[in-house]
Amino acid sequence: MSELIQKSAAELADALAAGETTSVELTQLYLDRIAAVDGEVHAFLHIDAEGALEQAAASDARRANGDALHALDGVPIAVKDVLTTIGLPTTCGSKMLEGWVPPYDATVVKKIKDAGLPILGKTNMDEFAMGSSTEHSAYGPTKNPWKLDRIPGGSGGGSAAAVAAFEAPLALGTDTGGSIRQPGAVTGTVGVKPTYGSVSRYGLVALANSLDQVGPVTRTVLDSALLHELIGGHDPLDSTSTTTPVTGLVDAARAGATGDLKGVKVGVIKELAGEGWAPDVMAKFNESVDLLTKLGADVVEVSTPSFEHAMAAYYLILPAECSSNLAKFDAMRYGLRVTPDGDPSAEDVMKASRDAGFGDEVKRRIILGTYALSSGYYDAYYGQAQKIRTLIIEDFKKAFEQVDVLVSPTSPSTAFKLGAKLDDPLAMYMQDLATIPANLAGTPGISIPAGVSDQDGLPVGVQLLAPVLEDARLYRVGAALEAAIGPVLGLDKLDDRLAAGGAA
Amino acid sequence: MTTETLVPFDEVLERYDPAMGLEVHVELNTNTKMFCGCPATFGGEPNTQVCPTCLGLPGSMPVVNAKAVESAIRIGLALNGSIAEWCRFARKNYFYPDMPKNFQTSQYDEPIVYDGYLDVEVEGETFRVEIERAHMEEDTGKTTHIGGATGRIHGADYSLVDYNRAGIPLIEIVTRPILGAGEKAPLVAKAYVAALREILLGLGVSDVRMDQGSMRCDVNLSLSPKGSGELGTRTETKNVNSLRSVERAVRFEMSRHAGILDAGEAIFQETRHFHEDTGTTSAGRPKSDADDYRYFPEPDLVPVAPSREWVEELRGTLPEPPAEKRARLQAEWGYSDLEMRDVWAAGAMVLIEETVAAGASAQAARKWWMAELSRAANDRGVELAEVGVTPVQVAEVQKLVDAKTLTDKLARQVFEGLVAGEGTVAEIIDARGLAVVSDDGALGAAVDDAIAAQPAVAEKIRGGNQAAAGALIGAVMKATGGKADAKRVRELILEKLA
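Quick mapping for you: the protein sequence lines, in order, are chains A and B. Those letters in the first sequence? Residues 1 to 504, per this note's numbering, in order. Those letters in the second sequence? Residues 505 to 1002, per this note's numbering, in order.
Worth flagging that the hints you see were computed from the coordinates, not collected in a lab. There may be inaccurate statements among the hints.
In silico DSBU-like cross-links for lysine-lysine, where the CA-CA straight-line distance does not exceed 30 Å [to be verified]:
1. A/Lys421 to A/Lys147
2. B/Lys596 to A/Lys363
3. A/Lys351 to B/Lys646
4. B/Lys1000 to B/Lys987
5. A/Lys387 to B/Lys987
Derived coverage of chain A by chain B (criterion: at least 3 residues anywhere in the stretch with Cβ under 8 Å from a Cβ of chain B; other residues may be distant) [what the hints assert, rightly or not]:
6. 22-35
7. 346-357
For every residue, glycine included, the Cβ atom is placed at its ideal position computed from N, Cα and C.
For reference, chain B alone in the conformation it holds in the complex (with noise of 0.2 Å):
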């Protein structure tokens, strides 16, 4: 192999043109596994989930959980897809020690879903995604390599096999090639993923966690000459196990490619791993299309035929598409383009949503949201909706700054408090002494004070001028430990000296 030569991003789209294919494996939720009646669950003991079935044994057969296939069907609707009125099974051979059987029961050229599209927003233009197919099949299980310093097979003393997660369901979505998308070609694959995800955890079909492997990605990626539109020879990315990632997998191709290119070589088809530490590629094995699994319809399985009524009936189910649910939900709280970006970036949409839903206004609860919330949240490195303090509370303190029992200021100490888990906010505003001074009696007699204190100041505001009110207000806030309502005691201070 040469020595990587990377060109930069910006050159790269002077010459070239990106295609791009995703290929996302997604653990479904389902109690049991694909075939059997195995646990589905994460991390148990290594092989205390397995039976007969999953683990391959000489006779025995395998029976299809018909909730996978309720989720496969939910997951093609929300996707825009068609659902197959008949599909199989195949078996996918080839040898591998975590695989039980030596070959994968999946599905070949009758997928379940087809003909799907995903509308992704990137920068304010939107790209329609399109989705070749979404297929059933079993994951496998999982290696683990001990000895030797790379944890890879080669160089390993020996290698020990889970099969707990064998035969756990996997939906695998496919892309047809995404193109046109230019520079904006990373943060298309990163929005499309994004998108993906979010529509997956409305569904509760599974826990999409990429970090734990229950949603991976494979990227595809070809450069083509800018403007032939034809397809070059394609890398295919495996594992790219955060949306960050998959951008960045994306760029780093993009890059690398074009520096072959640039040399005159060839594309070498084959698989890349991703580094997450680097963001670079490294090869994997070679992948050609002479690659042979020797496909055949799966003669242990019945074909799977949904009728349209339960087709029908799934439909039902669906939650509302995230992207018009965005769009109504901009329409009802009144915000602009630019707010609901913002706040859709901050992963504020739901919190807001449940803020409203608790009875503050939807401009009050982006106030908070948006602006103390997350400063909170940045200072500690964690996520909005892990900030410590929930939409209920963010209502409730609303609601008292609405009565005038507090302040923004006091309001903005109350969060504090919450964020520092200091116990509820009632406790929080009664351990800080954090409530309004609303007494007329008490009030008035610290608006006296002051204007004894000032007399210069009261004779201005005697002779009209109101502005000069803002010394006294100051001298009675500062009197009141901040706690006073300033409207209130201007009020006082303009009837006293009127």
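Just chain A, same shape as in the assembly (with noise of 0.2 Å):
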């Protein structure tokens, strides 16, 4: 493996300022990588050697004109299969969009083409992004580049897969309930999900609309940080989105990096820890703690009582959300089309697709959000998951006015074996615990390696959280937490287990 492709994005943006490579070479290595080990890992569901090669050469050109470049021009990038691409297949991981090829780029999409990342292919997904494991793909799960017989987090497996195992330097991922930040957590590489409406949806096949939002996927904290603000800012195009300009990202990280925390009061989540933690996990957690006091933060412990309920409002407002964006799934206009014998009607067309395209886990939660949404139970429910929501936002708004970020671990465990929790989704649902609460405040979240855990030396990752808009504090003490933790090397272990052939 070349050393090139174990430099972070920073680092190859350097190089390729430098003159030390180009973008078609760089290109070249990733693709020459994912060739070599994703069919262990299948990280990806398209690869795009021939759009990534020309983009790339675009680039190399740009350069040697001597053209006003961005910071990452050159540097190559996957994309989640749930942010639409022209010309490049976007199924969602789900059969329903099998051969789909939008005829449009996502917001996020056209800034980083027009920036100059060159795209390498579409990342695999749980279908829909509904998952914590990918193993709802309907194309086949994504494994974890650590021991290939563990999950690589959901719903963005894939994403964090290809970065830890070094087939991508970045990766863009989409975070409903924590699908950004656990898949880090588990793969030992950085993820952000951004204040809600920072980072423009348009383009981003939505699951649950309040809840989704578009953020970078990994190795390092700055590297985050520079794909952050290439993403972020107003999008006329989102009516949600926030008119704040997203900057200082990157100095935040810069200054981070220095490690110095004075006056940064942290708060410990009281309600996240304990019973159902993982003692290793805990472990990692009170050793990244104790790191932001030597840095010379001040380390309290903070209570968020109403956390306690976030996961069940969770499951209402999510699926009701997405029983109804998925409405749209009918095989009328694109996608797959199942047509009965007989005389069949638009109706029974449309009940035969849905049958045939959707999976399990999406045909639950469609059928619970249209429950939730019934007449006559919307109060019970929908109505009364809002309520929680505004009481967990209550809480971060105390909690916020004692400390400048809060800490919790990111994931109740390390990487889980493939199926494991495939029967019981109950427990595949509790491993977003942690992560949840900001989706449903719309408060910005970073996911950091903590180092491995003593029983399975498998990642922990660290989360810190931070009021609306204050992304950049997430940047600044995460960078330091990295520096003191140092690198989380995985990749003797990834090559070690490709070499054995994949056994775990």
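Hey, can you piece these two chains together into the complex? The hints should help.
Here it is in structure tokens:
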């Protein structure tokens, strides 16, 4: 494996700027890496070698011409298959959209194209982003590069695994209840859920519109900051988009890396610890908290009592919104069409296509959501869930009156075995216990590697949460912690596993 | 279903009180659609005015058309309504192939306009129709069923969907139950829709073409036992698309409901189709309170919160309310109630207003439009406004009459020429040789001839019998081909025989 592809995106950008490499060379290296390992990892659903090399050549030409370049111009990227891309399939991990090629780019895709980042391909995910393991992908699961019999998290397991396995230096993910942060935790990568509305959702095939957010998936905090600033900002095509400029994140990451957190108040969330949290995860988490104290931060315990109900509220709001969002998949205009025998009506075709096109988890949530919105149940379910949402926002508000950032483990355990929770939806849902509150409140969150478990040698993630529009705090504290923890190397382990033929 | 027994209208009223509710959908004439930048124009090639958003492609998102919100607010103000300080869009979920997202983005319990009213006049009596709400929503695509005899979905070989219409901004205006109209119920319904149409036309927010579907009316009707004060089970007759049909639909449903209730049976709550050719309705789909659209607030849109300053600014752009305008013009013109009602019914009010503005007196304007020109429009089967004569031309002709260049009789010939498309007023007078002979010299000769031809008559006049002059006047008029000013002829005769 080339040393070049182990470098961070920021380092690659420097190497490109210094003329030490070209975008075409880099892009080819990553395509070679994908060819070498993705048969095992299965991080990608579609690979666009031709398109990526074309974009890379264009980047090199710009550089040769001395045209103004974005910092990440020429650095390749992978895109979660839930974001629309002109000319590239967008399946959302579902049979329903097999072969669908969107006629338009998501705003974030347009932004990375305009900035000159070659798109390597589209990454695997749980169907329509429903899941915490990518096992709900209709195209087969992605495997954790650290140990191939383990899940890479989800829904964005493909993006996290691609970055963890050095198949891409950067990736885009989406986070509705933890789909960027939890895969980050279990693959030893950095994942950020920006403030709701600060990154455009236009072209993101919605799971739950009021919770979804696009964000960076990288190996370093600085890389996330670079990508976050690139994709953030107001979009007139997204009515929920904030007008506040998304700036100062890279500066915050660079400032944080110096390691001084004097005057920063950090709150440890009392409710996100204890029973249900694996001891090896708690051990690594406590080490991170100690490091924060050593860096000069003032660490206190805070209570967010309503978080207890976050899971229940989330599994009413999300299914409600997604039951309506997924109604458009009716075989009338695009995607899978199944025509039953006989003389079927349009309604018969819709039923047969939806039955064949959606997986069990998708059907489960459509049914849940349809029920929750039904007349006579709306107030008891959807209405109550919205009230809990308000309480959680209040909890955050009160907590942030006391502290600058909150901290918790990202995920209750390290990566579990493929298949272990497939028949137990509730156990699967519990993976997102710590990440869901931020989606309900719209607050930003980051997961960074906190080292590897003493038990199974698999990565543990620590989550930082900040107030709405204060994403920069995540980068300052995150970069400081990252520098203190030291790089979490998974590289050798991965190659060991792959060399052994993928045996666990 | 039982066979329908229709109870004669007068009998219905002996036993039942009607309650009506009218839901009117109006397509706004904004340049672009409700939630995207596609043109909102009518009649493009199918599926050419579409984009990811109005096609409901995965990942697309809506953005509210500010002009549509402005139109909704102006409509609300013109209907004496309150404008919400804060309201949201909601999703109305149901599956249908012409709905790209399988939900319609509409408003549910937070309409932008609420608590309005419209006063309508029927046969001299004023009814206040209370408006519960007006809300914004998007139109659906248009489905054409190919094959099969009926053009309906059943029996069709296949269906084509045109999404050009999908996403066109609609305002739905919903009345509260209209009670107490009794025998006038059909007329009140018609008058309400007509008054609403007039207001919307005046606001310039819609083409309000009922024939093209840019204004569509659903008629809810129920009967209750006379004097009971209850509300009966209703039916909803969809897409009643002319003023006359609104009246007929109410009348028919009243007779039909009464037949069912008389037989001791219950009204089946359903939608009904209206048939223009027969004036009857037929069963559509069952509709019950169990219809569940699973409304919830549209999470892709932020609330609409029009500032009070903006609302007041828009209030300032409202045209004079039609009823007030009518009263003002009647006073200005000095018409009797009866005259004004006739003018209104004939669609002549605006024409007269413009004729007066062009310089004619109100009496003269009314005379021409209500007699000569109404007759011509009737003969041709066209609206008065389309008869081929403009208000400016009417004023021009009247000016010539006032100047005695034309007589009324000649003026009628000028209008005949205008209606026939023979050219301008001047061209017609010239071509038809219609100018009055007012030259005393020429007239004097004709008068002398007439006196010479009828000496006996002349003698009577000399003897003081002025009434006898008529015979001589007639002769002079005949000799001049009717172009003489009869009044002047009379003066000349009396002078010469004094």
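Results for each hint:
Note on A/Lys421 and A/Lys147: the hinted pairing holds, with a Cα-Cα distance of about 17 Å set against a maximum of 30 Å. Taken as a hint, the B/Lys596 and A/Lys363 pair is honoured in the structure, with Cα atoms around 20 Å apart against an allowance of 30 Å. Note on A/Lys351 and B/Lys646: the hinted pairing holds, with a Cα-Cα distance of about 22 Å set against a maximum of 30 Å. Restraint check for B/Lys1000 and B/Lys987: satisfied, since their Cα atoms lie roughly 21 Å apart, inside the 30 Å limit.
At most 30 Å may separate the alpha-carbon atoms for a hinted pair to count; A/Lys387 and B/Lys987 exceed this at roughly 88 Å. Check on the segment 22-35 of chain A: 0 of its residues sit with their Cβ under 8 Å from a Cβ of chain B, so the three-residue criterion for coverage is violated. Evaluation of the coverage hint for the segment 346-357 of chain A: fulfilled, as 3 residues show C-beta separations to chain B shorter than 8 Å, against a requirement of three.
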